[in-house]
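Chemist: Sequence:
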Amino acid sequence: MDETSQNILEARSKVVQSLEKQAKKMKAISHKVHPPAKVGDNIIIPTPDVDRAKGDLRNVIGVVLEASDGGFYKIRTQHGILQNYIAEMNLISAHKGFYWKKK
Numbered sequence: 001m002d003e004t005s006q007n008i009l010e011a012r013s014k015v016v017q018s019l020e021k022q023a024k025k026m027k028a029i030s031h032k033v034h035p036p037a038k039v040g041d042n043i044i045i046p047t048p049d050v051d052r053a054k055g056d057l058r059n060v061i062g063v064v065l066e067a068s069d070g071g072f073y074k075i076r077t078q079h080g081i082l083q084n085y086i087a088e089m090n091l092i093s094a095h096k097g098f099y100w101k102k103k
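Positions 1 to 103 (the numbering used here) are the ones given, in order, by the sequence shown.
Quick caveat, the hints were computed from the structure, so don't treat them as lab data.
Treat the hints with care, as some may be off.
[Unchecked claim] Below, simulated EDC-like cross-link-like pairs (lysine to aspartate or glutamate); rule was C-alpha separation at most 16 Å, straight line:
(1) Lys38 - Glu88
(2) Lys32 - Glu88
(3) Lys27 - Asp69
(4) Lys74 - Glu88
(5) Lys38 - Asp69
(6) Lys27 - Glu88
[What the hints assert, rightly or not] Pair ranges (Cβ atoms, derived):
(7) Arg52 - Gly80: 17 to 25 Å
(8) Gln22 - Ala87: 57 to 65 Å
(9) Gln6 - Asp51: 50 to 58 Å
(10) Arg12 - Gly40: 42 to 50 Å
(11) Lys14 - Leu82: 41 to 49 Å
(12) His34 - Ile81: 20 to 28 Å
(13) Phe72 - Ala23: 13 to 21 Å
(14) Met1 - Gly70: 35 to 43 Å
(15) Lys14 - Gly40: 41 to 49 Å
(16) Leu82 - Thr4: 48 to 56 Å
(17) Asp51 - Ala11: 56 to 64 Å
(18) Ser93 - Leu57: 14 to 22 Å
(19) Glu3 - Lys27: 53 to 61 Å
Just so you know, even glycine gets a beta-carbon here, dropped at the ideal spot from N, CA and C.
Turn these sequences into a full structure, and let the hints guide you.
Modeler: Structural data, given as structure tokens:
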């Protein structure tokens, strides 16, 4: 390999390391500002404008039933358990308790 190719490979590896370091830092800051939901937490799920009529509610309120390692949550609402897992980025933590866990 010539010197130019080797310099390019070294620069690329440094870029990859820098991006990974930056991603870890961003994730740590995100978890500090918006801590992950725990099982039993009350959450709010915003409903996209395209999926609702003018008279429909803007948010769905629910409780976290199950949390996966990848940041996805199984949610129970007033009308039942949602079929799909919801991504962490689509949830808003509700500070007041709307639903309570059954003992």
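Chemist: Taking the hints in turn, state whether each one holds.
Modeler: Hint by hint, here is what the structure shows:
no., hint, in the structure
1, Lys38 - Glu88, "holds, 11 Å"
2, Lys32 - Glu88, "holds, 14 Å"
3, Lys27 - Asp69, "holds, 14 Å"
4, Lys74 - Glu88, "holds, 10 Å"
5, Lys38 - Asp69, "holds, 12 Å"
6, Lys27 - Glu88, "holds, 12 Å"
7, Arg52 - Gly80: 17 to 25 Å, "holds, 18 Å"
8, Gln22 - Ala87: 57 to 65 Å, "violated, 21 Å"
9, Gln6 - Asp51: 50 to 58 Å, "holds, 53 Å"
10, Arg12 - Gly40: 42 to 50 Å, "holds, 45 Å"
11, Lys14 - Leu82: 41 to 49 Å, "holds, 43 Å"
12, His34 - Ile81: 20 to 28 Å, "holds, 24 Å"
13, Phe72 - Ala23: 13 to 21 Å, "holds, 19 Å"
14, Met1 - Gly70: 35 to 43 Å, "holds, 39 Å"
15, Lys14 - Gly40: 41 to 49 Å, "holds, 44 Å"
16, Leu82 - Thr4: 48 to 56 Å, "holds, 55 Å"
17, Asp51 - Ala11: 56 to 64 Å, "violated, 45 Å"
18, Ser93 - Leu57: 14 to 22 Å, "holds, 18 Å"
19, Glu3 - Lys27: 53 to 61 Å, "violated, 37 Å"
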